[in-house]
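Residues per chain, in single letters:
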Amino acid sequence: MESIFSLVLAKANYAAYIILMMIGLYAMIAKNNLIKKIVGMSIFQTAVILFYVSIGCKKGATIPILRHHGHPEPVGHAAENAGAHAMDAAHGAEKVVAHAVDAAHNAVHVADYINPLPHVLMLTAIVVGVATLGVALALAIRVYNTYGTLEEDEINQQLRSG
Amino acid sequence: MIWQVELIILILIIICAFAAIKVRDLLSAALLLGAYSFLMCLAWAVMGAVDVAFTEATVGAGVSTVFCVAAVFHTTRRTKD
Amino acid sequence: MKILGKLTILLCGVLLMVFAMEFPNWGDPESPASTHLSPYFIQHTMEDTAVPNIVTSVLADYRGYDTMFETTVILTAGLACFLLLRIERKKIPHRYYRHEPTGVTLRMEGEKYPKNSAVFQRMDANWVPYDFVISRTCRLIIPFIQIFALYVVAHGHHSPGGGFQGGVIMGASVILFAISHNLRTSIKNFSEKTAALFSVTGVFIYAGTGALCLLFGEVFLNYSALAPILGGDRVMARSHGILVVEIGVAVAVTAVMIWIYYNLSSAGKQDEGL
Amino acid sequence: MPMETVFSVKPFLAVLVSLIAIPGIISSRSQNIRESWTFAAAGIKLVLVLSMLPLVLNKGVVEYTVFQVFPNLGITFRVDAFGMLFALVASSLWIVTSIYSIGYMRSLDEHSQTRYFCFFAVALSATIGVAFSANLLTMYLFYEMLSLATYPLVTHHQDKEARSSGRKYLFYILGGSIGFALPAMLITYHFTGTLDFTGHGVMAGHVTSGTALVLSLMFLFGFAKVGIMPMHSWLPAAMVAPTPVSALLHAVAVVKVGAFSVVRVFTGIVGTGVLADYNISLVVCVIASFTVIVASMIALSQDELKRRLAFSTIGQLSYIVLGVALLSKSGMTGGMLHIAMHAFGKITLFFCAGAIFCATGIKYISKMKGIGRRMPITMTAFLIGSLSVVGLPPCGGFISKWYLVLGTIEAGHIAFLFVLLSSSFLNAAYFFPVFYNAFFCSPEEMLFEDKVNEAPLWCVVPLVITAGISVVLFFYPQPFLNLAKLAVQNVLGG
Amino acid sequence: MTRHLPALIIVIPLLSALVTSGSGWFNQKAPFRIAVSALLLSLLCAVLMLIQVVTTGIAMEYRMAGWAGPMGIVYVIDHLSAIVLVVITSVSCLNLVAQRKNIHAEFKDKQGAFNALYVLFTAGLIGMTATGDAFNLYVLLEIVSLSGYALIGLGNTRAPLATLNYLFLGTIGATFYLLGVGYLYIATGTLNMAELTTMIPKLMDSGVILFAFIICVTGLFVKMALFPVHGWLPDAYSQATPAAAGLIAPLTTKVTVYILIRICMTVFTPEYTFDHLDISGFIVLVAVVTIVFGSLSALAQKNVKKMLTYIIIAEVGYMVGGFFLGNRLGISGAILHIINDAAMTLALFLAAGIFIWKTGGESRSDLKGLFAKMPFTMAGFVLAALSVVGVPPTCGFFSKWYLISGGVQAGNYLFVAALIFSSLVNAVLFFRLFEIAYFEPFGEDEDHAHGHGNSHGSHHHVGALAIKEAPLDMLVPFLAACMALIVLGLYSGTIITNIIQFAIPTGVI
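Chains as they are written, first to last, in full-length UniProt numbering: chain A, 1 to 162; chain B, 1 to 81; chain C, 1 to 274; chain D, 1 to 494; chain E, 1 to 509.
Quick caveat, the hints were computed from the structure, so don't treat them as lab data. Some clues are possibly wrong.
Said to hold, decoys possible - Only part of the chain B face toward chain C is listed, based on derived beta-carbon distances under 8 angstroms:
# : residue
1 : D51
2 : F54
3 : T55
4 : V59
5 : G62
6 : V63
7 : F67
8 : A71
Where a beta carbon is used, it is the ideal one built from N, C-alpha and C, also for glycine.
Same shape as in the complex, but just chain A:
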């Protein structure tokens, strides 16, 4: 019981995103009304965002904003290093390890904070979503102005007959 429960919990987000995605996809493929399709598209995109956000989750961690007081202390040290990072951080993975030791006194524990990268990516995705939505609605309005309807079958009928 316990294991099934934890399994469901462990994968619940993924299941939810798949269901949502399929709802959106279904609406885009099978719905007849253009606005409905657009709604489906929005759901579809948001589902992927849910997926990404779920990737970023980390048990026992908090939001990705550092707890701090005033200015960062090791500024001087960092200032020297900032350029260096930029130049030779190609071996990012090794550096991370090196810095993990190095930065112990920084009191920033990786385990304390949620992975911020997916969040950043998803900000972009949300914006892309609203941009697409805007363009899609603009097109839908134009379609309506031309055919006087938003139902695809009626439009096709008009196209066939005229």
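Given the coordinates of chain A, work out where chains B, C, D and E should sit on it, guided by the hints.
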């Protein structure tokens, strides 16, 4: 991250999404999409993605819904499915 | 089509589910996503950029290039809506005017319309009487919304938020104004041309900041090159640079949201709207 | 085999010269200037070709690579004996045909003459290109160029008939080259890694017998210009073209390019060894013989003079293929020589047909009664031309046919000897009625209401020249014979 | 300066798009000029980078914002992307110059927005080509898509509906790609293509990676209109205005194929794509179906532009099939065909643009008598058509050569047969057009209303006798594009040995 809350929100999200594509009124669909977005934003806030949640709250639940309503206003509310 | 759609989604869904079983558990701190790249950001954001909000620092600095194009995406959407919808003001067959003193609504046809005067006031075709509560409340809260928007932009370094969210809130405040009053009043205050130019300016602030770094001899978008003009050391210059581009994002997003709304809500006529 | 290889831009220039003339042709304001461009190009081309002749006769080759499009394969020109033979025929006949074209086109007042001369020049470029190409790719390039350049010439009249003929023409030619020749070429390249023409072919040791057979047949049918049955029916259809086009292109350039390509591929790519070892030559011989006989029989039944000539051409082309496929020394010499001999004979015949049409407007043999009395020069030339085609002395055709006959005996395939002989009888049979009608029937009143005389001078001179050359070639075949022998030497060795 | 070229090539168009868009509110002539000069500068950058990459033989790397490797976004200009960049910028530039009159006629007072979107579209393509970051690719893909929707949606009255369908499928494709990137991220924790290359071999057996591959590739297939998901392309492209079609048709599918190649070779490594997964045969089969389907559908079209769009679909089949043959010849052919097909399609669509400009119709019968009226245009059109058919020395022949050789080497004779079949069908298609243009006299029937509801553009229609050659600023770029077909053909050997050869990992034989 309280998993009970999250689970409930996820279920509500799915219900909203389902309703949004099932309801036979486009204005309702637009508003349900807004509700969906807002619930989604709650879910993300619970998961700790505060920035994403903030953005979704303003963009998804706010402006997107207004756009949808504006488009429905200029076309029609009627739909067959 | 429906059956095809159902089949497709069933297939896709099952496939996705099967592969989802291989994922690391939800919230697993040991998953590659949590152990490979993100620790770097978490640990170094302070020393690299002096921005405690990791999302902001990654968004506007580490992956600032992405964000520039994200802003461009929004601008593209604005341009697209404009191009697709905007039509020349055609002759409108009839207009409605309200005779203020008597409250009588007149339908006028033909070419000549009374100029907006104190006596005759233009009304939208599907006009609903102003709800006093709504219009006054909106008037009242819009300034607060806008101040909040500014706060969100400015405080993005330390709390959730940033140029994007702030910009959308700012844009939403104008949209709220347009809804609570009417589109024409809003356009009178914030014209379409202004919106277009502001949206361009916003992206230009972002890309221009990046290009400025080129002029200072550093790579594109490396704000630390701007230390001489932004003040502070190279780390603080990054922090300030982030603020500058966030402002650019905010300006662009505000203007584009308004622009898109103008076009969508009036179907491109920019005359009578929602 | 000592061979001197000279690297020179000459072959490329020879190809290019008529292309360079095109802007001149297009921009010319008057007809005379336009035609002088054509003549200038033709003259320069002939001079360029001739200037390489001594070297080639001394067993040398001229090479030039224009573009290296693939690592070991480029657009390369290479002049050897066989190519020289063909180029010589084509470039010398261009001048004659140009003269004839002027007479024909002007007297019939054809439209779009500028276009006509342009594409004529392109076609010639392509022909020389095929003759001088050093590898299959270059040859394919110019082959396609020729197919496309001749389309506007074939359909010059732009009427319904021209349209359907043009369609047929493209269907066979392009269909063959894209559908068969191109894949065959690629498969060859895949197996052998080269497409250069060599003396002994490149396939030996790389392919199995089945593949070799399939590839050979793909080449044979793919180069549909050679008109091997069943890929022949474009040729009679293409006779809708103005006569000079039919003359140069369908008696000389196009069809001979087909024959040349097939011979080149058989000797240079497939290789005589492979042809002999896998018995491919026998299959090809049988197909060619079939074409020879059937085409001659069909020719008998044609009433339109040009169509009859067309079927005659189909039969004669197969002689060339047959001769080469016999793989005996004399047979090959005969086959290669036939390219030249038949060209001069057949072009005379076409010129005559055109001259008759020009002067009287008659196309059908049955209506040519008594025409020999009105147009004695033309019909005498026709007699010489047909003697050459039938293969009787004192005409050049006799020499090539002689070698062919020798070849069958040398190869020990007596059956093909009978094919040749019976075909010769058939040839005689289908030319005989023309003379009979022309010289021995009294003219019908209806047809010669107006005074009908010889065609214009511009038309008559060329046909006299080519008829004369046909006769001269009987007595002095050395230039072509030597080239053919050299070419055979290259292929068979010794 | 050379160091900054990878940034400049995209920053210049981006900034100038902004200026263009702004200047459109003040002046209707400035936008065009700014756009052209920006694209020219971009082209210059691309050429310089190509030269640099070819001479040094080392890929250029540019760290955006100064952050290296997986932390930041890195632009990588290697042989493959350098050549594709040159193609993109030159096609875009040439088309814009050629379409000046069309743009002026169609978008009188929206010059700024149109030109800005045009340049943004190009910038997006440039970015997609140059980027070394899987997510950055998605963002740029969306810029390209959104500006593409706008450009296409501006066409005739049917265009919005076609575009909306394109938008739905395009969004599905892009979102699938995004999802695939997410799967990659979940399995590896990175988004950097170079780092993914090193990590994937360790995870070859992972189902997540497998699914990431499937879903990425599926998304790209939707975007490039491979057979079962091709439906959006013909409608969208044929309804677009000539100016937009001339940009989008040559570039979008080609760049998407480039992305496919990049993803399969750089991210998933050839060992994974060809050896580990046993799907090459299946995808080649799909490509074969695409080729056959595209060719046959093109046969059924009366509308010239629509016919061209089906040819594009067939060509996509060429490239995808050639790539998934998995040998050096096939991949070389696919890459070469990206370049050649861009040039061919550009030439064809420019020709279509000229026809529409001059005759006002886009049906087959509108071509009547054009050989006599516009000999130069038709000569160019013939050249472009021959290139599509695959006649030497035009470039189409050489890429087809490599593709067929690849097919022969892989023993996939079905693919070879499909290519040959498609060449033959293309020959039929174009000669059918030539017949009409050559044999049927001009203006036999005067009404151009051929019942396909094409009202747009008919105002250009002028009297039958007035039609002569197209205006020079349309004709010259068009003929330049046609000459490029021959030049590309003749120098294809150089392109292969100096550029494409280095673009294919040495592991592939």
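Practice task
Enumerate the violated hints, using their earlier numbering and listing them in ascending order.
Solution key: none
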